[in-house]
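Novice: Chain by chain, the residues run as shown.
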Amino acid sequence: MEFSFIFSQFLSGLTYGVILFLVASGLSLIFGVMNILNFAHATLWLIGAYFSYSFWHLLQDSHFALWVSIPLAALATGAVGWALEVLLIKRIYKRELHEQLLVTYAVALILGDLIKIVWGPTDRLIIRPPVIQQPIHILGAPLDSYFVFVILMGFAVAAGLWWFLTFTKYGHIVKAAVFSREMVGALGIPIPRIFTWVFTLGIFIAGLAGGIQSAIGSVTLGMDISIIIQAFCVVVIGGFGSLLGTLAGALIVGEVFSFAILFWTDGAMVLIFVITAVILIVRPWGLFGTPMRA
Amino acid sequence: MSAKRFLEKYWLPLLLLAAAAALPLLIAEFWIHVFNEILILGLFAVSFNLIFGYMGQLSFGHAAYYSIGAYTTGLLMVKAKWPLLLCLPVSMLTAGAAALILGFFCVRLRGIYFAILTMAFGQLVFFIIFQWYSFTGGDNGLQGIRPPPWLFSTNPYYYFTLAVVTLAMLVLRIITESPFGYTMRAIRDNTERTEFIGINVQKYMVINLVIAGMFAGLAGALWGPFNRSLAPDLTGWQHSGIPVFMAVLGGPHHFLGPMVGSVIYTFLNAFVTGFTEYWPLVSGLVIIWVVLLMPGGLFGVLQTSGRFRAKRETGEKEKAAKRAIYG
Amino acid sequence: MKTKNTILIALAVLLAGCLMGAPSAFAAEPYHLGVALGFTGTGTLYSKDQLEGIQLAVDEINAKGGFLGKHPIKIFQRDTQTKPDVGVREAKDLILRDKVRAIINDYSSAVAIAVKPICREYKTLHLPSISNSENITKVDFSPYTFQLVPNTYMQAKAAALGVAKMAKEKNWKEYVTLASDYEWGRSTQEETVKNLKAAAPDLVVKKEFWPRLGETQFTSFITSIMALKPDFVYPVLASKDNVAFTEQAKPYGFFEKIPYVGSMQSVTELITEAKTVPRGLVAISRAPFFAHLNVPMMAAFVKNYREKYDGKYPSDWAVMGYDAVYALKQGIEKAKDIDTDKVKDAMKGLTVDLTRGKLQFRPIDNQLRCSSYLGVVADDPKYPFPILKDVIEIKGIDSERPEAEILSARAAEKK
Chain A
9 MEFSFIFSQF LSGLTYGVIL FLVASGLSLI FGVMNILNFA HATLWLIGAY
59 FSYSFWHLLQ DSHFALWVSI PLAALATGAV GWALEVLLIK RIYKRELHEQ
109 LLVTYAVALI LGDLIKIVWG PTDRLIIRPP VIQQPIHILG APLDSYFVFV
159 ILMGFAVAAG LWWFLTFTKY GHIVKAAVFS REMVGALGIP IPRIFTWVFT
209 LGIFIAGLAG GIQSAIGSVT LGMDISIIIQ AFCVVVIGGF GSLLGTLAGA
259 LIVGEVFSFA ILFWTDGAMV LIFVITAVIL IVRPWGLFGT PMRA
Chain U
3 MSAKRFLEKY WLPLLLLAAA AALPLLIAEF WIHVFNEILI LGLFAVSFNL
53 IFGYMGQLSF GHAAYYSIGA YTTGLLMVKA KWPLLLCLPV SMLTAGAAAL
103 ILGFFCVRLR GIYFAILTMA FGQLVFFIIF QWYSFTGGDN GLQGIRPPPW
153 LFSTNPYYYF TLAVVTLAML VLRIITESPF GYTMRAIRDN TERTEFIGIN
203 VQKYMVINLV IAGMFAGLAG ALWGPFNRSL APDLTGWQHS GIPVFMAVLG
253 GPHHFLGPMV GSVIYTFLNA FVTGFTEYWP LVSGLVIIWV VLLMPGGLFG
303 VLQTSGRFRA KRETGEKEKA AKRAIYG
Chain Y
2 MKTKNTILIA LAVLLAGCLM GAPSAFAAEP YHLGVALGFT GTGTLYSKDQ
52 LEGIQLAVDE INAKGGFLGK HPIKIFQRDT QTKPDVGVRE AKDLILRDKV
102 RAIINDYSSA VAIAVKPICR EYKTLHLPSI SNSENITKVD FSPYTFQLVP
152 NTYMQAKAAA LGVAKMAKEK NWKEYVTLAS DYEWGRSTQE ETVKNLKAAA
202 PDLVVKKEFW PRLGETQFTS FITSIMALKP DFVYPVLASK DNVAFTEQAK
252 PYGFFEKIPY VGSMQSVTEL ITEAKTVPRG LVAISRAPFF AHLNVPMMAA
302 FVKNYREKYD GKYPSDWAVM GYDAVYALKQ GIEKAKDIDT DKVKDAMKGL
352 TVDLTRGKLQ FRPIDNQLRC SSYLGVVADD PKYPFPILKD VIEIKGIDSE
402 RPEAEILSAR AAEKK
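Residue numbers (the working numbering), protein chains in the order written: chain A, 9 to 302; chain U, 3 to 329; chain Y, 2 to 416.
Please note: incorrect hints may appear among the correct ones.
Under the rule of at most 20 Å between Cα atoms (straight-line distance), these lysine to aspartate or glutamate pairs were calculated in the DMTMM-like manner [as the list claims (entries may be wrong)]: (1) Lys207/Y - Asp274/A; (2) Lys83/U - Asp232/Y; (3) Lys169/Y - Asp232/Y.
Over 12 Å on every C-beta distance to chain U, these chain A residues come out as not near it, computed from the model [claimed, not checked]: (4) Ser70; (5) Leu83; (6) Trp90; (7) Glu104; (8) Gln141; (9) Ile146; (10) Ala166; (11) Ala167; (12) Gly179; (13) Ile233; (14) Ala256; (15) Leu259; (16) Phe267; (17) Phe281.
For the record, the hints were derived by calculation from the structure and aren't laboratory data. Given the structure is predicted, the values throughout are model-derived calculations rather than measurements. From the three backbone atoms N, C-alpha and C, an ideal C-beta is built for every residue, glycine too.
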């Protein structure tokens, strides 16, 4: 097998991994800080993709339509996330696990139907600006030129989150809350407000991921259902609340998908589930998570 | 126990049973089909509640055992031409065996990790059934499942289901009221303390999972012949959500809660889908309403007032911990 | 005398009045038609289109009084959610409560297969008009089920015949299959490979790819296929996945390098992907209206459809929904009765006049012997979307599975 082929498979896996990372990072953050497993996360990602389509559609004639639509979509989705937190999620922090899961699951159902009501069942397709219509070649391997943007955005988000968590005051609070909510509360820091902003941030990233996704293929109903389980696997493998873990988990899942099609084409998803199950049995807090949380 | 005491204690299940038996004389054929569905899904939900209401863990992959039971019966009837009555216990065995294998791993975890592992296992079973298409028919499903002639039409199969489900519920009731059942409650309320008094918690949890799996398998076994066919979406995580919804709706802290939840859910589903395509929206709103405003489900609401008050059981430890953090 | 005459005349008038009033006293019952399709889920668009075709047919027939001029058709619509158990329940509801005599169902083959035995048990006609798995008609036969769509075997064989011809012309040697990993994908791919082998023995399958159903990221497949450099790719992807694949493969210059031959492009995809579908693809279709504009019924249908639905062109699903209602009408006319058992007996082996021409229901499996259509995606000034040009119509008779094979498959399931 030639090097350029293996490298191109690696690049595909990298791209898919980055996309998964973008979807899962918000999920991991929210669970890490607030212990809420947000079943609706992928649906919010899909809303981001639809928002991006709508903004693009409005601005179609401009050269910059796509590049402007993506951050706009992220903002719009972040606003939806903020509203969701303030109106609903706030009420379930004190509730039991099953109640939280049921509520976020219910939100996924409701938002899924709202998407259908607002945007209808037709697939939505964004026509790419000319700059990303042709492939580029890296070391002989072809790569969709848009994916360069995707990979850069993925690492930018990762770097941005890392900088936030390591160097800013709020980032320190968030990291501490992942480790021990009780201590943070005991220090007099207003947990409810932290939660609102963390949730909004997590959904903002999901919206950004959706916007980025909207230029890859078409935006269709049901995309959220196929990706939510994969996002869960990513977060479990990498470890809840760990940025590095989510990145690692996402890249692992992406590369497994990419290379599995070569020797066990229908087995990729099964492999992912087996890996997830093994991690849960052997090391439930994931590769880079915090053992105290388990 | 005197007859009077017996009636006083068991008036509700007796009333429900009498109503269920009288139904075919009172209502139209279509609704008998709906009630048949209610009974099967209700048994599925009651079996789930062994893990959830009585043992305090959330299993998000219970549909795996339901569908293993369903496919066991379906495949035996279609490919090996076995009689239905023989298939039912075999389905319980295969579902129970699966629960034993998967449960062995699940019991090392608790809380959210337990939930996710059960979901992952559920998805694994789904993919196996979906991909092994030469054996199970894959996504086209298994067709040609016919109940024997004496059970073929609506009313006979309904009474058959009623008989099997009633018997199953009796057995489950004996289990939940036995010392084993109280050990489950102890595990739910305070796992650490239960271990300290010398109980092998993991072993008991596995036994409970196996029992829950067996009865889910029985429910699944009843479904195939009723529906005349099977499809892999019986295994998906969305199908696993149904018993959760039913248990929460009816009340997980009462033995009959999930069955009552099944009545409400199935009726609601049949009713709403008759005039709108937005069932997910409606069901999502109902879930939120029940969770936020009716914690403990229907029985929970009834239990805070009136005759059910004495029967209430809950787990207090988690709630106290949460109060400490959030105020 | 006068009294007697008066009474006689009065009786005569009364009798005459009764006879004249009799038709309205015994007002003929309406014909309840069930439409149970997947209005939520992946098939929403196809299902909505089909309902439009059905509605147009029903309106036309009702304008003339309904079936046999006296049974106005009433549509009862249900959403199967593309789920077999929901489909079964909705079918029972339609049959038991709404008392439908026929059900048009479903987008998904799994749902149609689940509904089939229910219709058989309750003696209700069952008319699949979107889904086309061969298993609907080949095995577990129901005399009440009449398939209006070219089934998976017919489409696969038709495609294979067309592709084999191209392969000979272009001297192709190796190919790759890209099939969605579910029953339709698997059985269609299998039948195509078999038929290709029979029609062009020198062709070799270099590798088989099986993306899962609903795959959203095709990158790895795209790069793998391009690295293999086959002479052509034969795709058997679910329509949404096909769209996703073509969109994702375009930026790699995939379609300039490797011929993509045999994907399904129904009119729906041609319209919704008008701006982006690569021209030059060799595609297969189930019921494209433009292939039969010379048939008066089709021309009238297209005209009326566009008038009713704001200038929209009818997709394959609208065509087949319309055909289903008219096939039913002709069955009822032959039986001279709306009684379901009489109609089903009348429809067996019946040749009907449809938008797609004069077609017969094959007696052994009630499969309409309709055509499959192979053509090249290309623009046409008459339409705001690309259509298939150089259409090769492969007739049902030339692409159906031989009867002997069907009989042996049925014998096998009895054992």
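Novice: Are the hints correct? Go through all of them and say.
Specialist: For each hint, the structure was consulted:
1. Lys207/Y - Asp274/A: holds, 18 Å
2. Lys83/U - Asp232/Y: With Cα atoms ~47 Å apart, Lys83/U and Asp232/Y exceed 20 Å; violated.
3. Lys169/Y - Asp232/Y: With a Cα-Cα distance of about 12 Å, the restraint between Lys169/Y and Asp232/Y holds, given a limit of 20 Å.
4. Ser70: holds, 35 Å
5. Leu83: Fine: 25 Å to the nearest Cβ keeps Leu83/A off the interface.
6. Trp90: holds, 18 Å
7. Glu104: violated, 6 Å
8. Gln141: holds, 35 Å
9. Ile146: Nearest chain U Cβ is 34 Å from Ile146/A, so the label holds.
10. Ala166: holds, 24 Å
11. Ala167: holds, 29 Å
12. Gly179: Holds, because the least Cβ-Cβ distance between Gly179/A and chain U comes to about 21 Å, which exceeds 12 Å.
13. Ile233: Answer for Ile233/A: violated, closest chain U Cβ roughly 8 Å.
14. Ala256: holds, 18 Å
15. Leu259: holds, 20 Å
16. Phe267: Holds, because the least Cβ-Cβ distance between Phe267/A and chain U comes to about 18 Å, which exceeds 12 Å.
17. Phe281: violated, 5 Å
Going down the numbered hints, you'll see the structure goes against 2, 7, 13, 17, while the others check out.
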